[in-house]
Structures are given as structure tokens and as C-alpha cells.
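S.K.: Here are the chains, one letter per residue:
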Amino acid sequence: MKKVGTIVLMLALVIGGAIFFPVGKPHVQLPAEKIGELAGIPITNTMTAAWATIIVLSLLFFFATRKMQMVPGRLQCLAEAAIEVLLGLSDSIAGKEKSRMFFPLVGSFFLYIMVSNWMGLLPGYTTIGLIETIEGEHGEVEQLLLPLFRSANTDLNTTLALAIVSVVATQFYGIRALGTFSYIGRFFTLKGPMDFFVGILETVSEIAKIISFSFRLFGNVFAGEVLLGVMVFLVPWVASVPFMGLELFVGAIQAFVFMLLTLVFLTVATTGHGGEHETEHGKAH
Amino acid sequence: MDALGINGTGLLAQLINFALLLIILRAVAYKPIMNMLDQRAAKIRESVENAERIKQQLASAQQEYAAQIEQSRKESQAIIAQANQIADRIHQEAQESARREAEDFLAKAQGQIEREKRQAMAELRREVGDLAILAASKIVARSLDDEAQYRLIEETLRDSEKFSNN
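Protein chains in written order, with the numbering used here: chain A, 1 to 285; chain P, 1 to 166.
The set of hints was computed from the structure by calculation and includes no laboratory data. It cannot be assumed that every hint is accurate.
[Said to hold, decoys possible] Below 25 Å or equal to it, Euclidean Cα-Cα: the simulated DSS-like pairs (lysine-lysine) are:
#, chain 1, residue 1, chain 2, residue 2
1, A, 67, P, 108
2, P, 55, P, 74
3, P, 43, P, 31
4, P, 55, A, 96
5, P, 162, A, 98
6, P, 117, P, 55
7, A, 98, A, 2
8, P, 31, A, 98
9, P, 43, A, 96
10, P, 117, A, 67
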């Protein structure tokens with residue numbers, strides 16, 4: 001009886017929602033919408049979302065670590081658990097020593113991307129905003145919603161910025177660990193035509209990394225946003241709930257992938273061709 | 001690039017955002033938490049080591065304790081054995097002295113008995129002699145001079161002594 005009741009209620013919600021509260025077609029727009037200007041700099045809704053993420057993360061960790069105790073309270077415990085899990089993952093990939101060096105960067109990638117993605121699923125993101133009235137050529141009036149917040153990673157600027165940081169950090173740590181010449185030797189060498197060609201491939205792959213990093217993250221999150229919009233358009237109530245769960249999963253996975261790939265690239269870049277010997281040599285610089 | 005929404009200011013802004021986040025998180029998250037994790041790990045390691053040490057100490061203390069008990073057991077056994085020995089000796093001595101005393105007493109008693117016996121015997125002999133003389137004088141009825149009488153009595157007595165000695 002209970003099960004049947006639940007199903008009937010769900011169906012009623014689906015049908016009722018579709019009939020009485022229809023939702024408009026999602027407005028799909030690739031670039032982030034500009035919602036204002038601050039000292040001549042255009043402020044987009046993905047920027048506000050990025051700030052919101054930064055504020056949430058900062059406050060969370062600020063309050064969690066304000067009074068550090070040997071026996072942690074709930075919030076401190078949560079923060080410690082999060083960091084410990086990420087640090088353990090980092091340790092297992094990069095090894096204990098390097099992990100400590102890379103962790104602030106890769107941990108920030110993870111936290112920033114995941115919290116951004118999850119906050120993007122909050123009600124209010126892409127739904128609360130300014131109404132912009134556009135007048136068409138023939139005098140018809142179109143009203144457009146300019147959301148105040150839009151998930152930060154649905155903007156290529158954000159993901160590209162993260163990708164650039166990741167790849168630049170890889171070069172930086174690579175040079176620091178192996179020494180300038182040794183590191184550049186990976187991309188440009190005159191040892192032979194084969195090595196020269198491999199060097200070109202390596203160079204291309206570094207640039208490709210930026211693109212793959214940024215577009216993978218952007219594509220996943222943006223597609224998730226569109227998927228949710230379309231689902232809500234098709235069946236306003238109930239049906240989009242499972243997709244919310246899916247997007248939570250995708251959001252975490254993308255953060256995980258970004259962190260892991262960066263970590264792997266960092267580890268590879270700081271490990272010399274000749275293994276231990278060259279690493280030792282690099283350290284001497 | 002424009003169609004994708006990529007522009008210089010946006011990119012720069014996001015770079016700055018991320019750098020800012022990195023700096024903030026480093027200050028409020030990674031440093032304090034990693035410090036705390038390290039501290040806690042150190043403390044746990046220390047505690048475990050302490051526990052191990054205490055366990056070892058306990059084990060050695062127990063060993064020592066057992067050794068001491070063993071030692072004192074041995075000592076007490078030695079003391080008991082010694083005491084037993086002493087008791088034995090005292091016992092033996094007491095027995096010895098008692099025996100000696102008894103022997104002395106016995107000897108003395110025997111001596112007295114002997115003396116009394118001899119005295120009695122002497123008395124008896126005299127009486128028997130008298131009696132014999134009386135009897136003999138009556139039997140013989142003739143007078144022997146006293147000297148001859150005594151010689152006869154002596155002889156008789158000697159014979160009787162021989163008998164009694166046998």
C-alpha cells in the first residue's frame with residue numbers, strides 16, 4: 001500500500017508539475033553572462049560563483065582550524081578528514097616526500113573544483129538573477145534572465161586558468177627538480193633525429209594537456225548544467241532528481257580526475273629519465 | 001575564442017581567484033591541518049612506543065619479581081632445612097643426654113641394687129651361716145672347737161658361693 005501510494009504521489013507530482021508549473025526552454029549560452037562592472041572590469045556570473053566558492057572554502061577552513069585541538073571537534077574533524085584523505089591519495093601517487101610539496105596545489109584543485117561543481121547545483125544558481133530585456137530587429141521584445149551565479153566551471157576562463165596553473169606548475173617543479181638543462185632536454189635535444197622528434201611530441205603534449213584539462217572539466221560541468229536544464233524543461237518535477245545525484249557524482253569525479261592527472265604529471269615531470277641518479281643530480285642544482 | 005567565452009580579463013580574474021584560494025587555503029587549511037596531523041602522528045607514535053616500553057618494563061619487572069620470589073623461596077627453603085637440621089641436632093642431643101641420664105640413673109640404680117643385693121647376700125650369708133652352725137651344731141651334737149666350726153662354715157660358704165656364681 002505504502003509503495004503504491006508513493007508511486008501515485010510521484011506521478012501526481014510529475015503530471016501536476018508539468019501541467020501547472022511549466023518551465024521554459026533552457027537558455028544555453030557558452031560564454032558567461034556579464035552582470036555588472038567593477039572599476040571597468042566586467043564581472044561575470046561565473047566570477048561571482050568562483051568568489052562564492054572561495055568564500056565558502058575559506059570560511060569553512062578558517063572556522064575549522066581557528067582553534068586547533070589535539071582532540072578535534074566536529075568541524076575540525078571534518079576538515080582534517082578531508083585533508084587527510086586527499087593527502088593520503090597524494091602520498092600514494094607521488095610518494096611521501098613529493099606529495100608534501102605538491103599537495104597544496106593539487107588539494108586546492110580538488111577542493112575548488114568539487115565545491116564549485118556542487119555549489120553550482122544549489123537552487124538559485126542559474127535561476128536567480130537580473131531580467132534583461134532585448135529588443136529584436138523587428139521590435140519584438142525578448143526577456144532574458146541574467147543569473148547572478150553560474151557554476152564557475154561552466155566558464156572556459158575558469159577551467160583554462162586551472163589548466164594553465166596545472167601545466168605551468170608542472171614545468172616549474174620539473175625544472176626545479178631536474179635542473180633547467182636536464183628538463184629542457186626532454187623537449188629539445190640534438191642527440192639524434194628520433195630524440196628530436198620525441199622532443200617535439202613532448203612539447204605538443206604539454207600544450208595538449210592545457211586543452212584537455214580545460215575542455216574536459218568545462219565540458220562535463222557545462223553538459224551537466226544543460227542536462228539538468230533540459231530535464232527540468234521536459235519534466236519539471238521529480239524526474240530531474242536522479243540527474244542531480246548524477247551531477248554530484250560527476251562534479252566529484254571531475255575534481256578527482258583533475259587532481260589526479262595534475263599529480264601524475266607533476267610526479268612524472270620531477271622524475272628524471274635516468275631515474276635516481278638524475279634526480280640526485282637535479283637536487284644538487 | 002569569443003564564441004567560447006574565453007577572454008583575457010576573465011582568464012586573469014580566474015587565475016587571480018585561484019591564486020587567492022591557494023594562498024588562503026595554505027594559511028587556513030593545509031598548514032594547520034598538516035601540522036596537526038603530523039603532531040598527532042608523532043604523539044601516537046610516541047604513545048605506542050611508550051606503551052611498548054611500559055610493556056617491556058612490566059615484563060622485566062615481572063621477571064624480576066618472579067626471580068625474587070624464586071630466590072626468597074630458595075632462601076626460605078634453606079632456612080627451613082637449616083632449622084630442621086638444628087632441630088634434629090637438638091633432638092638428637094636431647095635424646096642423647098636423656099639416654100645418658102637414663103643410663104646413668106640405671107647404672108646408679110643397678111649399683112645400688114648390687115650393693116643392696118650384696119649387703120643382703122652378706123646378711124643372708126651370715127644368717128645362713130649362723131643357722132647352719134646352729135643346725136650343724138645341733139646335728140653334729142658334738143662339740144667342735146670354734147675354729148674347726150668356722151673352717152667348716154667357710155668351706156660350705158665357698159661352695160655355696162660357687163653355686164650362686166654359677
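S.K.: Does the alpha-carbon distance linking residue 67 of chain A and residue 108 of chain P stay inside the 25 Å limit?
M.R.: violated (107 Å)
S.K.: Taking 25 Å as the top limit, are the C-alpha atoms of residue 31 of chain P and residue 98 of chain A close enough?
M.R.: holds (16 Å)
S.K.: Hinted pair, alpha-carbon criterion (25 Å max): residue 117 of chain P, residue 67 of chain A. Please report holds or violated.
M.R.: Violated, at about 120 Å.
S.K.: Within a Cα-Cα threshold of 25 Å, do residue 55 of chain P and residue 96 of chain A meet the stated pairing?
M.R.: Status violated; Cα separation ~31 Å.
S.K.: For the pair supplied as a hint, residue 43 of chain P and residue 96 of chain A, confirm whether the alpha-carbon distance does not exceed 25 Å.
M.R.: Cα-Cα ~19 Å, so holds.
S.K.: Holds or violated: residue 117 of chain P and residue 55 of chain P, Cα atoms, limit 25 Å.
M.R.: violated (89 Å)
S.K.: Residue 98 of chain A and residue 2 of chain A: Cα distance at most 25 Å?
M.R.: This hinted pair is violated, its Cα atoms lying about 56 Å apart.
S.K.: Is the Cα-Cα distance between residue 162 of chain P and residue 98 of chain A 25 Å or less?
M.R.: violated (132 Å)
S.K.: Does residue 31 of chain P lie within 25 Å of residue 43 of chain P when you go C-alpha to C-alpha?
M.R.: Status holds; Cα separation ~18 Å.
S.K.: Is residue 55 of chain P close enough to residue 74 of chain P, meaning Cα to Cα at most 25 Å?
M.R.: violated (28 Å)
Against the hints set out earlier in the document, violations occur for numbers 1, 2, 4, 5, 6, 7, 10.
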